[in-house]
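Protein chains in written order, with my numbering: chain G, 1 to 152; chain D, 1 to 74.
Note that these hints are calculated values from the structure, not bench results.
It cannot be assumed that every hint is accurate.
What the hints assert, rightly or not - Partial list, computed: chain G residues near chain D (C-beta under 10 Å): (1) 39; (2) 72; (3) 75; (4) 80; (5) 147.
Owing to the predicted nature of the structure, the values given are computational and were not obtained by experimental measurement.
In this text, a Cβ means the ideal position worked out from N, Cα and C, and glycines have one as well.
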Amino acid sequence: MNFQRMTQTRVRAWLATIVWTISAVGFFLAYFSGGGPSEFDTDSRRHLAAAAAIAFGFAAYWSGLWLTRKREGQVVADERDYQVVARASQATLIVVLVIVFLMCTLLWLIHEAEGVVDVGWMWFLAYGCMLLALVTNAVLVLVLDRRTGGHE
Amino acid sequence: MSDEVIRSRIRRLRFEHGEMTQRQLAEAAGCTRQTIIALEQGGYVPSLALAFRVARAFGLGVEEVFEFEPGDGD
């Protein structure tokens, strides 16, 4: 894998895939460790660990954006890149909508008899969806970029 | 409409123009080298503007660089 020969779009998609996957794994480990969702909202150590995983994601991703910034006179992206990114964003929206719908339906089915859902699941839905959208979008950019024939 | 195909002669034209590299053509056409690769492999259909820019880089008209094959329904 030669990053020097890739477009900025593809390099940034790889960056986002790696960074946000690490961040998501960190968040899920912090969220599901210990007492699980029911005790997450009162466990400040796990809160901190989850926040650190997400903060790592933003810091690493923004650093990566700066490192892959446009240099003088360089064509870093063109119409094919914009098309790939637009199609990936459309597909990401559908994937996230479907997964949020399924998650909410599953929570309802599991907790229907009790009549209440643990408030700790709201953290999972909120941050989980954000991380899911970021990872899905990056992966779809890589897939669509490859499918439009930009590989050597 | 799905049977329609747009083929390009970019690879041959590059060699006919002094072994022009993909990077040189990309710079002349204002796109990335990966898009030139995609055009050569037929994996990407360019916009009209990009097609004109590629053709101009060779000093040719669009139809001398890109070939349109109508589908069965046309």
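Each hint, compared with the structure:
{"no.": "1", "hint": "39", "verdict": "49 Å, violated"}
{"no.": "2", "hint": "72", "verdict": "14 Å, violated"}
{"no.": "3", "hint": "75", "verdict": "6 Å, holds"}
{"no.": "4", "hint": "80", "verdict": "5 Å, holds"}
{"no.": "5", "hint": "147", "verdict": "7 Å, holds"}
Of the numbered hints listed earlier, those contradicted by the structure are 1, 2.
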